[in-house]
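**Student:** Each protein sequence line maps, in turn, to chains A and B. Numbering follows the numbering used here, in which position 145 of the first sequence is assigned residue number 145; successive positions increment by one, without gaps. Numbering follows the numbering used here, in which position 153 of the second sequence is assigned residue number 584; successive positions increment by one, without gaps.
Worth flagging that the hints you see were computed from the coordinates, not collected in a lab. Where a beta carbon is used, it is the ideal one built from N, C-alpha and C, also for glycine. Check each hint, because a few of them may be wrong.
Some residues of chain A that are not near chain B, with every Cβ distance over 10 Å (derived) [to be verified]:
1) Asp33
2) Asn89
3) His91
4) Gly146
5) Val409
Straight-line alpha carbon distances no greater than 25 Å define the calculated DMTMM-like cross-link-like pairs of lysine to aspartate or glutamate that follow [unchecked claim]:
6) A:Lys426 with B:Glu475
7) B:Lys588 with B:Glu658
8) B:Lys857 with A:Glu36
9) A:Lys426 with B:Asp435
10) A:Lys370 with A:Asp132
11) B:Lys857 with A:Asp4
12) B:Lys857 with A:Glu44
13) B:Lys801 with B:Asp834
14) A:Lys426 with B:Asp487
15) A:Lys370 with A:Asp336
16) B:Lys588 with B:Asp834
17) B:Lys857 with A:Asp5
18) A:Lys426 with B:Asp436
19) B:Lys857 with A:Asp56
20) B:Lys801 with B:Glu774
21) A:Lys426 with B:Glu467
Cβ-Cβ distance ranges computed for the label pairs, FRET-style [stated by the list, open to error]:
22) A:Asn89 with B:Gly515: 25 to 35 Å
23) B:Leu451 with A:Arg13: 53 to 63 Å
24) A:His161 with B:Ala763: 51 to 61 Å
25) A:Ser347 with B:Ala643: 27 to 37 Å
26) B:Pro637 with A:Ser347: 17 to 27 Å
27) A:Asp403 with B:Asp435: 35 to 45 Å
There are 2 protein chains.
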Amino acid sequence: MTPDDVAGFFARRQDLDPELYLELDFTFECAGDPREAAAHLCSEQSTAQWRRVGIDEDFRPRFAAKVLDIDAAPRREFSIPVAGVAAVNVHAVRVTLAHPHGNFGPRIPNLLSAVCGEGVFFVPKIPLIRLDDIRFPASYRAAFDGPRFGIAGLREKLGAHGRPIFFGVIKPNIGLPPEPFAALGYQAFLGGLDIAKDDEMLADAPWCPLAARAALLGEAARRAAAETGAAKIYLANITDEVDRLIPLHDEAVAQGAGAVLVNAMPVGLSAVRMLRRHARVPLIAHFPFIASFARLPAYGVHSRVLTRLQRLAGFDAVIMPGFGPRMMTPEAEVLDCIRACLEPMGSILPSLPVPGGSDSAATLESVFRKVGSVDFGFVPGRGVFGHPGGPAAGARSLRQAWDAIAAGVPVSERAAAHPDLAAALKAFGPH
Amino acid sequence: MTPDDVAGFFARRQDLDPELYLELDFTFECAGDPREAAAHLCSEQSTAQWRRVGIDEDFRPRFAAKVLDIDAAPRREFSIPVAGVAAVNVHAVRVTLAHPHGNFGPRIPNLLSAVCGEGVFFVPKIPLIRLDDIRFPASYRAAFDGPRFGIAGLREKLGAHGRPIFFGVIKPNIGLPPEPFAALGYQAFLGGLDIAKDDEMLADAPWCPLAARAALLGEAARRAAAETGAAKIYLANITDEVDRLIPLHDEAVAQGAGAVLVNAMPVGLSAVRMLRRHARVPLIAHFPFIASFARLPAYGVHSRVLTRLQRLAGFDAVIMPGFGPRMMTPEAEVLDCIRACLEPMGSILPSLPVPGGSDSAATLESVFRKVGSVDFGFVPGRGVFGHPGGPAAGARSLRQAWDAIAAGVPVSERAAAHPDLAAALKAFGPH
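Given the sequences, and given the hints that come with them, work out the whole structure.
**Tutor:** What follows is the structure in structure tokens.
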């Protein structure tokens, strides 16, 4: 690129109509001039050849992505060794780009193709890059439905106010037929679980068909609700081929599921958006595949970008890697994702953040303090279903821990009079 | 895990029915005992809690993933700094696992959830892991259609035998209305292109509607075929929301598209499988998003895994990052992906590999030598549409280069008598 070519990919915010652009934050490491690298990043993700041969025209004013801000610092070498780019004159760079969404419109696959595609990950002299964040103007958001129920709707269905929502992943996750599987869920409902869920890997398997499971767990939820006086939801995993999502939703709901789980990336966010227009119960996202591109600070896509897209696509709750070393996710990143669920987004409702991973009564207080509000879901697996007293005792231990926290009493102190809580702390707490 | 628990996740190949298992190759870096880490990897991706509390049962024989081979070497520290795992007693490990596909069945989203999900990327003490390869038994493959046309079918449609298939990405990719866009394609067809394609970022935009584009390019293909006596295909990008794929396919084909392009990951492989059952023309894959998890040797998913899945899902051709520094992909990895398209896969037809990236007449011979056969697609953008003599000259330069290669004449020598080829070598060759 000539210096003039480079200049054509820079703009001042005040000169652009903000409603016409997405804002994208990238961090990258490049060889050579950072301004030229940033211009290539814009060119490759929008109008890579902005005029025909022999014709005096320029598509950049309307169609080019443009650099709004850039901040570059020299560094000795790339932070991860990479093929194909010599580490000469390396810089670590932060840029904010304005990307004209009229190039592709409010369509998730086309959005992903533009902002996570060849034009991002194959830019000359930028071997390492991460899409750190994305912001949508009202004009773009307006095309999306977002959650149908959101946090308030979920609370309403459960009659659960002023506290976290207690999910539990029925375990053993793989291998049980419907009857004993539902029996475990029923026990956990009696103990105080709000939502008993399928594992994200348990779908419509011949050894545990979804219809049979939903019928039994729907019945378990109704019986437990009658016995406890509290609403209960069976969350059925309908993750399957795209053309089975709607039939499985209908079948699971008809049998008794009160919400459905979809593995967002494996199914595809676009299919979720399609399901959202049809679904009559809350949609809950699970996170398989996302870590494959979201774990490393220097490369890939920040997980909050996916959180925002899951909310836009219509998930009422987003299960995400939570706190604690098991999930290998920095605390700041978990909080970024929680904020992406909760912060204002025009008319798009908030999604319930459900940070998960090796939780139990022993981790509830710490998760609550980190989240900083009661607007979250708590989703143990073994912490309920591996409790030495069984699932009812496991669920009771959660509620006992929460009662202590709500009363301002130390959880360990409350355990003295509550053997289920004491057993949970002993089995799952720090040793 | 106790040593007994660990042993329950190991097996000998000869003790398993190979038809019941996928084979997965992983490389990972772990802290602590590599055998225990490998057992956790199996447990987390299959039956994470393999018995109910207080019941003497074991789901592992039928439902557990099992280690078949393991090979571990100590290393000083993790190759990439990671959060949450202390670098104590680090090993670099290669394992092959047998994963029982009956856990989820022949469904792409459930497959991805099991082999690229929480049970792979959130395993205790394994912060860095890559799924390197996957092998399917006949019993699993049998549920998939694979390509309808494959390489032979594409060659038949084009009457193109014994040579590469010449694609070209019409440029400027973003910004042109249908008429001048189609005029460029027509010129390139006349010059000798087999397939003129939309850029992967150009979909059904209001400033260049797919229906209008397909009508004009379909007509251009017909006229060029009549004038040159050679079949021509307009490849229409129908990447869009999942529920628009089939309508857009129908509309594009009715107007004149001879094949359709889908960005595989942004749309989702499951939606592609759905489209495959309906489509009446070849399906061509493009690669946005894949690099976000496939570039780094130490983390993510090897691109050939995605190539195999794209073939299984039904793509007749797979456009992939090709050779040359621009694509930042090691040559061995490009060749792995090409083999994944071509090698025997039971009744699943081969897909045409289309390694792409900054190609032109100047790179054709080198790509052909690396591929080692004529069974590939060649897909320049600027190399045709940025040719100083225009698209017809750009396309002619490709065919002239191929004629030289086929005749065993050095391409540079042939250029002496062919000004379009000479101009291409001057514009795009090494300086």
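**Student:** It remains to establish, for every hint, whether it holds in the given structure.
**Tutor:** Okay, the hints, checked on the actual structure:
1. Listed as outside the interface, Asp33 (chain A) is consistent with that label: its C-beta sits roughly 17 Å from the nearest C-beta of chain B, beyond the 10 Å cut-off.
2. Listed as outside the interface, Asn89 (chain A) is consistent with that label: its C-beta sits roughly 16 Å from the nearest C-beta of chain B, beyond the 10 Å cut-off.
3. The non-interface label for His91 (chain A) is consistent with chain B: the shortest C-beta to C-beta separation is roughly 17 Å, beyond 10 Å.
4. For Gly146 (chain A), the condition that its CB be more than 10 Å from all CB atoms of chain B holds, with the nearest at approximately 15 Å.
5. The Cβ of Val409 (chain A) lies farther than 10 Å from every Cβ of chain B, with a closest approach of about 28 Å, so its non-interface assignment holds.
6. For the given pair, Lys426 (chain A) sits about 23 Å from Glu475 (chain B) by alpha-carbon distance, which is consistent with the 25 Å threshold.
7. Restraint check for Lys588 (chain B) and Glu658 (chain B): satisfied, since their Cα atoms lie roughly 17 Å apart, inside the 25 Å limit.
8. A hinted pair counts as satisfied when its Cα atoms are at most 25 Å apart, and Lys857 (chain B) with Glu36 (chain A) qualifies at roughly 24 Å.
9. Of the pairs offered as hints, the one joining Lys426 (chain A) and Asp435 (chain B) holds, with about 23 Å between alpha carbons and a cut-off of 25 Å not exceeded.
10. Restraint check for Lys370 (chain A) and Asp132 (chain A): the C-alpha separation of about 22 Å stays at or below 25 Å, so the hint holds.
11. A distance of roughly 23 Å separates the Cα atoms of Lys857 (chain B) and Asp4 (chain A); the hinted pair therefore holds under the 25 Å criterion.
12. A threshold of 25 Å between alpha carbons decides the hint, and for Lys857 (chain B) with Glu44 (chain A) the separation of about 23 Å falls inside it, so the pair holds.
13. Distance hint between Lys801 (chain B) and Asp834 (chain B) is fulfilled; the C-alpha atoms sit about 18 Å from each other, no more than 25 Å.
14. As the CA atoms of Lys426 (chain A) and Asp487 (chain B) are separated by approximately 23 Å, the hinted pair is consistent with the 25 Å bound.
15. Of the pairs offered as hints, the one joining Lys370 (chain A) and Asp336 (chain A) holds, with about 12 Å between alpha carbons and a cut-off of 25 Å not exceeded.
16. Between Lys588 (chain B) and Asp834 (chain B), the direct Cα distance comes to roughly 21 Å. Compliance with the 25 Å bound is thereby established for this hinted pair.
17. The suggested pairing of Lys857 (chain B) with Asp5 (chain A) holds, with an alpha-carbon distance near 21 Å, which does not exceed 25 Å.
18. Using a Cα cut-off of 25 Å, the hinted pair Lys426 (chain A) and Asp436 (chain B) holds, with the two alpha carbons roughly 21 Å apart.
19. Our distance criterion of 25 Å between C-alpha atoms is met by Lys857 (chain B) and Asp56 (chain A), whose separation comes to about 23 Å.
20. For a cut-off of 25 Å, the pair hint linking Lys801 (chain B) to Glu774 (chain B) stands: about 16 Å separates their Cα positions.
21. Taking the CA atoms of Lys426 (chain A) and Glu467 (chain B), the gap is near 24 Å; set against the 25 Å cutoff, the hint holds.
22. Distance hint check: the CB atoms of Asn89 (chain A) and Gly515 (chain B) are about 33 Å apart, consistent with the given range 25 to 35 Å.
23. Distance hint for Leu451 (chain B) and Arg13 (chain A): a CB-CB separation of about 59 Å, consistent with the stated range 53 to 63 Å.
24. For His161 (chain A) and Ala763 (chain B), the Cβ-Cβ distance of about 58 Å falls inside the hinted range of 51 to 61 Å, so the restraint holds.
25. Range check, Ser347 (chain A) to Ala643 (chain B): about 33 Å between beta-carbon atoms, so the 27 to 37 Å window is met.
26. The given range of 17 to 27 Å is respected by Pro637 (chain B) and Ser347 (chain A), whose C-beta atoms sit roughly 23 Å from each other.
27. Checked against the hint of 35 to 45 Å, the pair Asp403 (chain A) and Asp435 (chain B) passes, with Cβ atoms roughly 38 Å apart.
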